[in-house]
Amino acid sequence: MTGPLNATVAAPELLVLATSAALFAIGVTGLLLRRNPMAVLMSIEIMLNAGNLVLVLAARARGMVDGHTGALLVLVLGAAEAVIGLALALAFFRDRPAADVDTQGEVHG
Amino acid sequence: MNTLLPWAFLLTLPGLVLTAFGAGRRPGLASVLGPWLVFAAGFAWLLGDHAPAVVRIEGWLPLLPDAAFALRLDALSATMLCVVGGVSGCVYLYSLSYMRGDPGQRRFFAYLDFFVLAMNLLVLAGNLAVLVAGWASVGLASFLLISFWRDKEGTLGAGLQALAANAIGDAALLLAAVLVPAGAGDLTTLHEATHLQGVAGGAGTVALLIVVAAAAKSAQGPLYFWLPSAMAGPTPVSALIHAATMVAAGVYLLCRTHALLALAPDVLTVVAWTGVLTAVFAAFASLQQPNYKRGLAYSTLSQLGYMFAAVGFGAPFAAFFHLFTHAAFKALLFLVAGVVIHAADGEEDLARLSGLRKQLPGPAWLGLIGSLALIGLPVVTAGAFSKDLVLEAGIEHAPPLGYLLLGSVLLTGLYTGRLWFAVFLRADSQLHTHAPDRLLQGPLVPLALGAVGLGWLGTALGTVLAPALGPAPAVHAVSGLGLVAGGLGLGGFLLAGAWVRARGSGARLPTLSLPWVDAAASCANRAATGVARVHSGRLGGYLFTAMVGVAVILIVMRIRP
Amino acid sequence: MHWFLDMPHSLQAAAILSLFAVAVLLSAPRASVATVHRLTLLAPIAAALPALFQRGPEAFAVLAVLALALIGALLLCTDALENPIHRVECGALLLLGTAGACVLATANNLLSILIGFESMSLAVAVMTGLGRGPRTLEVAFKFFALGAASVATMIYGIGLVAYAAGSFEIGAAPLAGLTGLHQAGLLLITLGITYELALVPIHFGTLGVYFAAPMSFAGFAMTVSKLGAALAVARLAAAHPHVQPMLVGLGVLSITWATFGGLAQRHLRGLLAYSAVGHGGFLALSIGCGTDGRTAAVFYAIVYVASAALVAAALAGRDGDLPYAELRTEPLGKLRTTALVTGLLSLSGVPPSPGFWAKLAVLGPSWHVAGPLLTCIAVLGGVFGALYYLRPVPDLIAGLRSGERGTAASRSAGVAIALAGGVTVLFLVLPYLALRLAN
Amino acid sequence: MAERMVPLGIACAVALLTALGVVVVRRPVHCAFLLLLHSLSLAALYLGLSADFVAMGQITIYSGAIVVLFLFVVLLLPEAGRERPAGAGRVLLALGGGAVILAALLEPMLALSGSGEPPAAPPDPGFSVAGLARSLFGPQLVPFELTAVLLFVAIIGGVALWNRRPAEPSR
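Residue numbers (numbering that gives the first Met the number 0), protein chains in the order written: chain A, 0 to 108; chain B, 0 to 560; chain C, 0 to 438; chain D, 0 to 170.
Hint data in this document are derived by calculation from the structure and do not stem from the laboratory. Backbone N, C-alpha and C fix where the C-beta goes; we use that ideal spot for every residue, glycine too. Don't take every hint at face value.
What the hints assert, rightly or not - Cross-link-like lysine to any residue pairs, in silico, SDA-like; alpha carbons within 20 Å at most: (1) Lys333/C - Pro102/B; (2) Lys333/C - Gly21/B; (3) Lys333/C - Gly316/C; (4) Lys333/C - Arg149/B.
To be verified - Here are the computed distance ranges between Cβ atoms for each label pair: (5) Leu51/C - Gly182/B: 36 to 42 Å; (6) Asp320/C - Arg55/B: 46 to 52 Å; (7) Leu51/C - Arg557/B: 43 to 49 Å.
Said to hold, decoys possible - Chain C is nowhere near these chain B residues, computed Cβ spacing over 10 Å in every case: (8) Gly158; (9) Thr187; (10) Leu367; (11) Arg425; (12) Gly441; (13) Trp515; (14) Ile552.
Between the sequences and the hints, there should be enough to build the whole structure, so can you do that?
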């Protein structure tokens, strides 16, 4: 029962938790690093996946089948988000020489 | 009748609506009656049985310690109603002529109506919540009226300055309104210590907040800066709001809560010092001004300093009595200035206004009456009666401050004389003026009568106000101190005459300015541009701030004790 | 019919709204623009019918959201879009976004909150992208990207909460030993939702929408989304007090930020954008201040959305940044100016305005819970905020006299002004009425 | 669950590496392929967590639909979405941001707080498709139904944005 670093959670659970945290952090890093709208959207997908992984883990650890429902709904949500995100990115970057989300905007909002 | 009279603040509402919707052949005519009705309401109470009339509607303002909508008409508020009603009645009549032909005059009268409405709400407020409502409303009205002439340069900036200073006062008063313990909001019972046990710092905190609010409204101490700038507004506005009524609201509030202030002697000391220093400083500043109205504005500051000092000396009656007489003679001085400026087609520069006695004989004499009242010439002017009380209280309560005030009467004489001699008696004018009409000069007469005669009402006023302000000291027509003060003032006045004769338009002190206002403003501007610059339009930066922000929040919440 | 009547109010409303959205889309090829407008306007009214016969906070929340959606639909009729064809799509999206907001405002299930939030947020992103000009697309993409990041944050938080509590119910308590994860999860969820409240430092996306979207959508984001998000956050904060300090901190930060940012603005769009941030701050501050604070927050939210809707209604159909100088040369009509001035005064919180009563109501709980220092900062931020709200007011009122040259309000905007203005004035005279509603 | 440590660890490692690849690799086409691998490794991870149905969903919906959609769109972008390399400052900021987030999330996981030990996972949760259906049409019915609204928004939005064009210049 004793996992690494003195935690009381079972080691596999901790492993998956840590993986999800790392995935989320990688997603954020990508979000901050990349200028290409595609890459930004993909980074967001990685963040969503990180969340989904925790949901599935929660289902397994707590024996709650609702967790699976949640994971499925997040998949649907990811699909909807991808559609809108890609459509917006295409509409915005269709006529631009370089697809760069950091083009100094006209909107200093 | 007693339940109806406190609603007197609504009396200018019909005028406001009618004027705003364009009734009346002449813009503003529909509004003229309102203030006189207010005056009548106050007078009617004074003639009546002297029982305070109170209106309370419970549960009006949610989630406040005192949730009622409370109005209170007692001796203090009734007298103040008369002051507000009387002065604004004269100013309305005056404005009918002064603003004739201005394309925005309908708007002008609507603003004035709104101001009188708000001012009376402030005067009649029974608890802190209602007071705050009136308090901030008059600030709004003042802002709108200062920036009334949008085509004139600097009016918006001046209005915003007034708004900024008022904001400090509003904040203090808002805090006072929310931090008194549950059930305590009534202005007359604020001091009952039981009510204030729950507050951190006790009565002192509330008292200090109230003093800050009053100082902001009456432009005392470091918050003086907005009043001279406010002269950018039309002159009737300067007379009504920035001389006679609104700026006196701070003193009115201090008189209202004098029992609370008495519980906090340290705060009273601060009030006294602030008042005296402002009185002296503003007197010097008035001597530096090249502009007629700004010179008068500093004189208002100085006189408000006398009132503040009187409150600080523990003599609220003296303060209120001075407020009462000052309203008459300062409004008179401003309206005279308005006549002069109007006749000279908007010229306010003292270097160009000169020797107008022959062209404007009426205003010259009325201005002399106002000036002598401001100096405090014993027996014949009202200012002497009230100023003597202030000086007596000062010398009795805090002699060094009292003598300092006494000495500054000489300065009063100097700056008053400088303005009057420069405008009316200096070498003959090259300026072409046109004669003012009767409507413009008529309203000056009752104010001049007040400037001469109101002092004799002192004893009666003391009796009436005793329940509200405590027993009043005897009001003398002649006293040793009064004669000294009058002599000093008159000496200063005549000295100024000689000075003006010798130096002409050069008769002023070199200009000194306190830089803190500009520094604060530029600081705020820099911060504002900085904040705006963070919104660069770069998505990367936004994402970075947002996500790192989230992480930092998580960490902070985790290590928070 | 039983199954329909047994559904939660929010779901009933969402179902009716979706049906109308389908009807709007189907009517498009044949019917006239007027029919589309009529259907869009009818939808919130029809959706409100079931809730009208109910009592309780849930029904009230749904009604409030639907009322704001009605104003949004009215304004949609006057707004300039990139292409008139998009009116149909925007109408349907507005209805669907409202459906999401209804659920967000009332749901007690974290998954419902998530899906409701995402429907609303995506709808706003698309509607913004369909507005006129190149700026709208840019803003829409930024809003989308930042929104997607906060939704991902929220999902991660939901995962942590599910792991720590074993349930998706909003009030579920953490299991033994997992309090830390549970708290972290809740903070993430709250931060995700506050994206729509435009709290610093996650305000950039929404700020852009207020800046550049057509007025009806900016109004939608300022009113419908904000009310829905505020109510959801209030429920979270009620169930889990430990998120309250965060809300207080972010609230005060936002108020200060908005005051400084607002001072630099010289056009109405910027004013409105920063005002939304500042008011989001007051809402968060108030939600973070215990039970009284939450009551005050609901009061504040009602007053704020009414005033913001009034301003949006007054400005509907005007393109561009609306710099103050332009207001003098091209004045609005009398009705619109009056509405705008009333709305601005109410937003600024100077008396006499309902916004003032609302601010007073918030400060009491704030003093007792958040403490003197933070309350002082909030008060100063609030009162100095008046400086930037009032800057255009003299010009606006001065513009009234040349009102005959001004552009008058369209009929639908007039109705919207009447609705929002009526509510604003009602709360001005009878503030306690709003509190009773809030309770 | 402990005996699955090794396969779980491998799946986790693959998921992390592919995710890193998505973030680091410059050519969007490569990114999309890595995202596909990432999604498949996650599906494996889900299988290891007894979430068979979700794993199938991940493969069909995610790998089959979303990632392929990404691939298509990448080809439509100007220059196939090639981007300039990020400057050193940007890399540092991004790494810093990622590290702060990682620290903020990992810390509560490693240092469990609260009283008592967290409950252990049931040895065999006994998940079934029927159980999932009962959840979807039972306690989670409301969010499930709401996905209809969400998808509706996505469809309308996708079509509308794709057709977005300025009105005729006559206006």
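query = What are the numbers of the hints that this structure violates, sorted from low to high?
reply = Of the numbered hints given earlier, those the structure breaks are 8, 14, listed in rising order.
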